[in-house]
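Chains as they are written, first to last, in this note's numbering: chain A, 2 to 257; chain B, 2 to 257; chain C, 2 to 257.
No wet-lab data here; the hints were simulated from the structure.
Treat the hints with caution; some may be incorrect.
PhoX-like cross-link-like pairs, simulated, lysine-lysine; straight-line CA separation at most 25 Å [what the hints assert, rightly or not]:
| no. | chain 1 | residue 1 | chain 2 | residue 2 |
| --- | --- | --- | --- | --- |
| 1 | B | K109 | A | K82 |
| 2 | B | K121 | A | K57 |
| 3 | C | K174 | B | K57 |
| 4 | B | K86 | C | K121 |
| 5 | B | K57 | C | K86 |
| 6 | B | K86 | B | K140 |
| 7 | A | K57 | B | K82 |
| 8 | A | K109 | C | K109 |
This structure is a prediction, so every number in the text was calculated from the model and none was measured.
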Amino acid sequence: MRAPPSDLPQITADILERLRERRPRVHCITNAVAQNFTANVLLAAGAVPSMTIAPKEVATFVRRADALLVNLGTFDTERQKASVKAIGAAGAARIPWVLDPVFIDRSKPRAAFARTLIGKAPRAVRLNAAEFAALAGGKHEAEALARYAAAKNTVIGLTGETDFVLDAKRLAKISNGHPLMAKVTAMGCAGSALVAACLAVEQDAWHATAAALIAMGVAGEIAAGRARGPGSFAVEIVDALYGLDRATLVANARVN
Amino acid sequence: MRAPPSDLPQITADILERLRERRPRVHCITNAVAQNFTANVLLAAGAVPSMTIAPKEVATFVRRADALLVNLGTFDTERQKASVKAIGAAGAARIPWVLDPVFIDRSKPRAAFARTLIGKAPRAVRLNAAEFAALAGGKHEAEALARYAAAKNTVIGLTGETDFVLDAKRLAKISNGHPLMAKVTAMGCAGSALVAACLAVEQDAWHATAAALIAMGVAGEIAAGRARGPGSFAVEIVDALYGLDRATLVANARVN
Amino acid sequence: MRAPPSDLPQITADILERLRERRPRVHCITNAVAQNFTANVLLAAGAVPSMTIAPKEVATFVRRADALLVNLGTFDTERQKASVKAIGAAGAARIPWVLDPVFIDRSKPRAAFARTLIGKAPRAVRLNAAEFAALAGGKHEAEALARYAAAKNTVIGLTGETDFVLDAKRLAKISNGHPLMAKVTAMGCAGSALVAACLAVEQDAWHATAAALIAMGVAGEIAAGRARGPGSFAVEIVDALYGLDRATLVANARVN
Numbered sequence: 002m003r004a005p006p007s008d009l010p011q012i013t014a015d016i017l018e019r020l021r022e023r024r025p026r027v028h029c030i031t032n033a034v035a036q037n038f039t040a041n042v043l044l045a046a047g048a049v050p051s052m053t054i055a056p057k058e059v060a061t062f063v064r065r066a067d068a069l070l071v072n073l074g075t076f077d078t079e080r081q082k083a084s085v086k087a088i089g090a091a092g093a094a095r096i097p098w099v100l101d102p103v104f105i106d107r108s109k110p111r112a113a114f115a116r117t118l119i120g121k122a123p124r125a126v127r128l129n130a131a132e133f134a135a136l137a138g139g140k141h142e143a144e145a146l147a148r149y150a151a152a153k154n155t156v157i158g159l160t161g162e163t164d165f166v167l168d169a170k171r172l173a174k175i176s177n178g179h180p181l182m183a184k185v186t187a188m189g190c191a192g193s194a195l196v197a198a199c200l201a202v203e204q205d206a207w208h209a210t211a212a213a214l215i216a217m218g219v220a221g222e223i224a225a226g227r228a229r230g231p232g233s234f235a236v237e238i239v240d241a242l243y244g245l246d247r248a249t250l251v252a253n254a255r256v257n
Numbered sequence: 002m003r004a005p006p007s008d009l010p011q012i013t014a015d016i017l018e019r020l021r022e023r024r025p026r027v028h029c030i031t032n033a034v035a036q037n038f039t040a041n042v043l044l045a046a047g048a049v050p051s052m053t054i055a056p057k058e059v060a061t062f063v064r065r066a067d068a069l070l071v072n073l074g075t076f077d078t079e080r081q082k083a084s085v086k087a088i089g090a091a092g093a094a095r096i097p098w099v100l101d102p103v104f105i106d107r108s109k110p111r112a113a114f115a116r117t118l119i120g121k122a123p124r125a126v127r128l129n130a131a132e133f134a135a136l137a138g139g140k141h142e143a144e145a146l147a148r149y150a151a152a153k154n155t156v157i158g159l160t161g162e163t164d165f166v167l168d169a170k171r172l173a174k175i176s177n178g179h180p181l182m183a184k185v186t187a188m189g190c191a192g193s194a195l196v197a198a199c200l201a202v203e204q205d206a207w208h209a210t211a212a213a214l215i216a217m218g219v220a221g222e223i224a225a226g227r228a229r230g231p232g233s234f235a236v237e238i239v240d241a242l243y244g245l246d247r248a249t250l251v252a253n254a255r256v257n
Numbered sequence: 002m003r004a005p006p007s008d009l010p011q012i013t014a015d016i017l018e019r020l021r022e023r024r025p026r027v028h029c030i031t032n033a034v035a036q037n038f039t040a041n042v043l044l045a046a047g048a049v050p051s052m053t054i055a056p057k058e059v060a061t062f063v064r065r066a067d068a069l070l071v072n073l074g075t076f077d078t079e080r081q082k083a084s085v086k087a088i089g090a091a092g093a094a095r096i097p098w099v100l101d102p103v104f105i106d107r108s109k110p111r112a113a114f115a116r117t118l119i120g121k122a123p124r125a126v127r128l129n130a131a132e133f134a135a136l137a138g139g140k141h142e143a144e145a146l147a148r149y150a151a152a153k154n155t156v157i158g159l160t161g162e163t164d165f166v167l168d169a170k171r172l173a174k175i176s177n178g179h180p181l182m183a184k185v186t187a188m189g190c191a192g193s194a195l196v197a198a199c200l201a202v203e204q205d206a207w208h209a210t211a212a213a214l215i216a217m218g219v220a221g222e223i224a225a226g227r228a229r230g231p232g233s234f235a236v237e238i239v240d241a242l243y244g245l246d247r248a249t250l251v252a253n254a255r256v257n
């Protein structure tokens, strides 16, 4: 498996620049807990979010968007139907989409639904170790992750103390981030939305996924330096993402 | 078309004072992305929000409220039904209501629904230029806006770099505000809710609409002076609205 | 009626310590306005929130949780069904649950539903004076509260300028808190969620309820000292709860 190119931080900075210039539309089907924070993270990074799940219009919104996020954080019937419609529209229009199978380790029907969606060609899957185990039935060692990514022809972004970003052949380990990120609800959901935004401006899904997670991690470290606790951290990470410049990004990215 | 009275900032300060004294109840049918921020903006200004969309009780909540907001930000069946019930109850009880036709430029069924609701006598419509084009089919020049306001017997509050507030005969141009307002989700939605709150304490709907947009704009400028990015801006604008006093308002309002 | 033990602040500190150590899972059926803030308050205190209301999985989430919150803030059909399923699962698995009958004073069907749920043995009910009147049909004097708590075999946590925590025999009056707490939406909802979290680590429901309200009140006072208005207050109270240590808690708790 190839190590990441030494210029991944520069590539990340390029992608963030394109986000701010092009202002891609990102349609998000996500849970009610995460909607507001996710929208604000996308806006801070330069993207334009929309969030409708209404059956009459979700396909139209997706067709006019540049990327799609499907987050399973609330597994209600309405969102399930919206997800299927949205993914269908994205497939037909060749719009990249990201799956975030939140909490599938806690709910078998949700895990089964996630496995169905994996068959519909997400460009990336952002999840944690417990969710990967529920999805793929195995351990989250680099080899297992790469095999799964190869089998499903997708990119896996597995977040934790170290983030792993893999496709069939490439692996990046990102050591950025801060423990306070786990103390703010919807932080992972917002990270997945940022993966979708990056896919809107970057063809290489492995680069896009790594860029989003590097940006979140570096912003998280900056935010932690300014925060007193998780309340101010949630505010500061949005500001940090908004203000993140190339020099800071390159100086602080820890990727190998 | 008449220019605004030179005492519009003073009138705005009067309205904000009445909001804090009378604490009107504002019922909001709004999208899930906007609910929390909208409720906090209303509370900061002195109003008391409620947000239920349940069919069994929405009419009761509206009848006991002093104003109603109908925001189309998520066009789900449940909210559509709640909107129709709520507007019916508001009409019967002569409670003023505001329409915010979010994103109708992106969805034809949503635009059609908005056009139906316009027939049900909203006291004000708060929207942006793209939404006005989708609603009225034309340009958003002052004359077109005034004609539309006259035809529908309502007040138009069109927000953008400059905000335009029009009824059939009067026009106010408000130059307050800050670009960070477009970087926080639900800022427009919260502004519309504040229009509803002002309608609860001010008979003249043109005054009420202008007052809400002046207050948001001035608070936005104060917030921008204290914020590092859109995360802290969203916090600071709530604080600024809460603390906005007559002298600051009058000194900073830019209306012509 | 017995006065509270003089070591209630120490007991509160013990409970908060156990929350941080054990990280109990708290499943919340709560309104969309409150979900994000509630989740962040729980995370700040050390608990792990989940929020699904989907019929297929809500019982499973509850069975794997350590406590349950049922908040009636949005009385939609989906949440009503989820509440009944969740409470059934909690009862079968002997998981403690809390009822927060939000705004039942504004809606008769909601009040009727709350009265049904009271029959299903909540370990605690957190509400305000108007909600208590709608629930119990009487005044909220200490004797009436105690009689109601005895009749329903539950603990009543009635919040207001002074908070009252009662079971059949014990009464604690908590004088902590700050007026800004009423200026942030979902503050009461989040307090109820914290009651549920405390029930997960404390057998004595009266201790657990008092602990949650003391912690919220002391955190609110710390936050008020750092905040400029309700926007920053909402951020600071999360930080304050996260950082609350035994010495500060004991020095600031005002209970009699």
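Comparing the hints with the structure gives:
1. K109(B) <-> K82(A): Satisfied, since the Cα-Cα distance of roughly 20 Å is no more than 25 Å.
2. K121(B) <-> K57(A): Holds. K121(B) to K57(A) sits at ~23 Å (cutoff 25 Å).
3. K174(C) <-> K57(B): 36 Å, violated
4. K86(B) <-> K121(C): 32 Å, violated
5. K57(B) <-> K86(C): Distance of about 20 Å is within 25 Å: holds.
6. K86(B) <-> K140(B): 32 Å, violated
7. K57(A) <-> K82(B): Holds. K57(A) to K82(B) sits at ~15 Å (cutoff 25 Å).
8. K109(A) <-> K109(C): Not satisfied, since the Cα-Cα distance of roughly 37 Å exceeds 25 Å.
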